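Colleague: What follows is the residue order along each chain.
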Amino acid sequence: MFPTPIERTSRSWQITYQSLLPLALILWLLPLIAVAIFSVKPDADFSNANYWGWPSSFEGFTNYALVFTGSDMPQYLLNSFKITIPTVIGAVGLSCMTGFALGVYKFKANIWIFFMFVAGNFVPFQILMVPVRDLTLQMGLYNTITGLVLFHIAFQTGFCTLFMRNFIRALPFELIEAARVEGVSEWRIFWYVVLPLMKPAIAALSVLIFTFIWNDYFWAVVLTQGVESQPVTAGITSFNAQYRAAYHLMSAGSIVAALPPVAMFFLMQRHFIAGLTLGAVK
Amino acid sequence: MAQASVTEIRQSSWWHRNQQQLTPWLFLAPGILFFLFYVIFPIFQSFNLSLYEWDGLGKAEFVGLYNYEELYWDDAFYTSLKNNVLWLLLYLLAIPAGLFIALFLNQTVTGIRLYKSLFFFPFVISQVVVGLVFTWFYDPTFGLLNVLLGAVGLPPLNVLGDENTVTIGIIVAGLWPQTAYCMILYLTGLNAVDPEQIEAGRLDGAKGWRMLWYIIVPQLRPATFIAFVVTIIGALRSFDLISVMTNGGPFGASRVLSFYMFEVALSEYGFRMGYGAAIAVVLFLIMLAFIAYFLWSMYKEEKAR
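Chains as they are written, first to last, in the working numbering: chain Z, 39 to 320; chain D, 848 to 1152.
Derived by calculation from the structure, the hints in this document are not laboratory data.
For clarity, every value in this text was computed on a predicted model and none was experimentally measured.
The beta-carbon is built from N, C-alpha and C at its ideal position, and this holds for glycine as well.
Hints may be right or wrong, so weigh each one.
[To be verified] Chain D is nowhere near these chain Z residues, computed Cβ spacing over 10 Å in every case:
| hint | residue |
| --- | --- |
| 1 | S94 |
| 2 | T100 |
| 3 | F163 |
| 4 | I165 |
| 5 | L188 |
| 6 | V231 |
| 7 | V265 |
[Unchecked claim] Derived contacts from chain D toward chain Z, CB cut-off under 10 Å, selection only:
| hint | residue |
| --- | --- |
| 8 | W861 |
| 9 | H863 |
| 10 | R864 |
| 11 | F891 |
| 12 | L896 |
| 13 | L898 |
| 14 | L933 |
| 15 | L935 |
| 16 | L937 |
| 17 | N953 |
| 18 | G990 |
| 19 | L1037 |
| 20 | G1055 |
| 21 | I1138 |
[Stated by the list, open to error] Some but not every residue of chain Z turned toward chain D, in silico, with C-beta under 7 Å:
| hint | residue |
| --- | --- |
| 22 | G131 |
| 23 | L132 |
| 24 | G158 |
| 25 | T184 |
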């Protein structure tokens, strides 16, 4: 292991390290800690210029309650879920199929189709912006959740295919061979042999795509406007316009907006990290 | 079901014979069609559109390379391009920073898993929130930055209000989640480092920096490659932070190509779709150089298998 495991070093370095860890963490997360403290402060603290001092009273419940009752935040949150969940299902579903096709079968166009997905996934959004917006308008899906979901599914399929294909490549191929010898049809091989083995990849990818889509801001601004269809990332900006300079409310709103992917990350921690590295490094 | 498939095989022997050639295409069809429709074709449409003057509603007028000529004389374009280069260069700092934190956390003390997760936190949070948080951090009236500067006796700064510092200020905000990302990539990379080579290095007297540079870093190559890819792409895609923190200001000093394109095509500055497309094409060509390199590296690796 590198660096030298802490157990094998001098006692004084061990103590230094143990005390350095929490310090470094606090420093690293300082901006977030500040926002968390802001979000439980009373309004008066900001007018008295008590920005960085201890909250003069704990107003967490009032502030967060106001976020949910005094603004469109619940609607934005609901929209975010309505956008994110179908996208995750769609993109992961499509890429299970494309990943299977590219990972298992050998044919001439294989690597070129794979590269098409990979290259498309790296493209700057701006080159797609005007045509995709125009396309969405023409299909009558501008400013609808459906329009946003369809595009997200298509675009995320690129990354998901890269991920799934590499995962399937690493599976034991003998299993598929054995099934073929038994005369199992290709469709059944996919459904009964490969898909069950893909469960960890599906879990990892789902968490990853959930976070990506939840945090998307650019396409939300390009393809939607207004409360009825915008997700919470776009909603937070109008929320902030509504409560300009009400820092306690803006903080509480930001925390609410950031919470679902954070919760997802902690619940599925192992899958998430596997997802970030597996699809890529392997 | 089993009964049905047996008769199926007997009846459609053509399907049975060609099953292995046809199946991949059936599996690929929905994904490819979707991807072509929403990603690949729009790229070409943007190329085409950059030759037109179009407000998004009326009739598009063919103007040839006029948009590119205008771009050539546009000061805002050069500001954006310069900032893009700055983003590319400074954003790469996330890679050594991520490696440094990964080395710091690559221990087995109690609770280290939680520490690793919490260090990764900034990446999970939306860039919109990151932007907001850093705007307050830099705020000239109450920002923590000036409180800290004041504590060590330095004069206050208005980072986001000064044309010379604004882009660097935004990049620092962007480096926060990006460093967390690189850190995770390196943490998993460090897991895969061969312990025997480390022991052999130790026997040869390699320590500290020499050990890191000659034995560890070469083994982290795959992680470094991915960190490089995601950082370059992240740098060229930067939009959210700029939009939230400064909206391109002050006086357009913090624009990058992706933001300028959006401004030209879809904001109060007017709906100049053709001109926007031309900017997007330039951005795409810059990205294409990197994409070609990434694909080439992947292709070599595939061949080597």
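Colleague: A separate judgement is required for each hint: does it hold in the structure or not?
Modeller: Okay, the hints, checked on the actual structure:
Against the 10 Å criterion, Z/S94 stays outside the reach of chain D, whose nearest CB is about 16 Å from its own CB. Taking the minimum C-beta to C-beta distance to chain D, about 21 Å, the non-interface status of Z/T100 holds against the 10 Å cut. The Cβ of Z/F163 does not lie farther than 10 Å from every Cβ of chain D; its closest approach is about 7 Å, which violates its non-interface assignment. Distance to chain D contradicts Z/I165 as a non-interface residue, since its nearest Cβ pair spans about 4 Å, not more than 10 Å.
With a cut of 10 Å on Cβ distances, Z/L188 falls inside the contact zone with chain D, its closest approach being about 7 Å. Residue placement check: Z/V231 keeps its beta carbon more than 10 Å from all beta carbons of chain D (closest about 13 Å). The beta carbon of Z/V265 sits about 17 Å from the closest Cβ of chain D, which is more than 10 Å, so the claim that it is off the interface holds. With a least beta-carbon distance of about 14 Å to chain Z, the hint placing D/W861 at the interface is violated under the 10 Å criterion.
The beta carbon of D/H863 is positioned within 10 Å of a beta carbon in chain Z (closest approach about 9 Å), and the interface hint is therefore held. The closest approach between the C-beta of D/R864 and any C-beta of chain Z is roughly 13 Å, which is over the 10 Å cut-off, so the hint fails. The closest approach between the C-beta of D/F891 and any C-beta of chain Z is roughly 9 Å, which is under the 10 Å cut-off, so the hint is satisfied. Residue-level restraint check for D/L896 holds (minimum Cβ-Cβ distance to chain Z is 6 Å; threshold 10 Å).
For D/L898, the shortest C-beta to C-beta distance to chain Z is roughly 13 Å, which exceeds 10 Å, and the interface hint is violated. Given the 10 Å rule on beta carbons, the hint for D/L933 is violated: about 17 Å separates it from the nearest Cβ of chain Z. Against a cut-off of 10 Å between C-beta atoms, the interface hint on D/L935 is violated, since the closest Cβ of chain Z lies about 13 Å away. Checking D/L937 against chain Z: minimum C-beta separation of about 19 Å lies over 10 Å; hint violated.
A least Cβ separation of about 7 Å between D/N953 and chain Z falls short of the 10 Å threshold, and the interface hint therefore holds. The beta carbon of D/G990 is positioned within 10 Å of a beta carbon in chain Z (closest approach about 9 Å), and the interface hint is therefore held. The beta carbon of D/L1037 comes within 7 Å of a beta carbon in chain Z, closer than 10 Å, and the hint placing it at the interface holds. Hint status for D/G1055 relative to chain Z: holds, with the closest Cβ pair at about 9 Å, below 10 Å.
Among the interface hints, the one on D/I1138 holds; its C-beta lies about 5 Å from the nearest C-beta in chain Z, closer than the 10 Å criterion. Below 7 Å, beta-carbon pairs count as interface contacts, and Z/G131 has none with chain D, the closest being about 9 Å; its hint is therefore violated. Contact between Z/L132 and chain D, as hinted, is supported at the beta carbon level, the nearest pair being about 5 Å apart and thus within 7 Å. Given hint, Z/G158 at the interface with chain D, holds; its Cβ is 4 Å from that chain's nearest Cβ, closer than 7 Å.
Annotation: interface hint on Z/T184 violated; nearest CB of chain D at approximately 13 Å, more than 7 Å.
In the structure shown, a violation is registered for the earlier hints numbered 3, 4, 5, 8, 10, 13, 14, 15, 16, 22 and 25, in ascending order.
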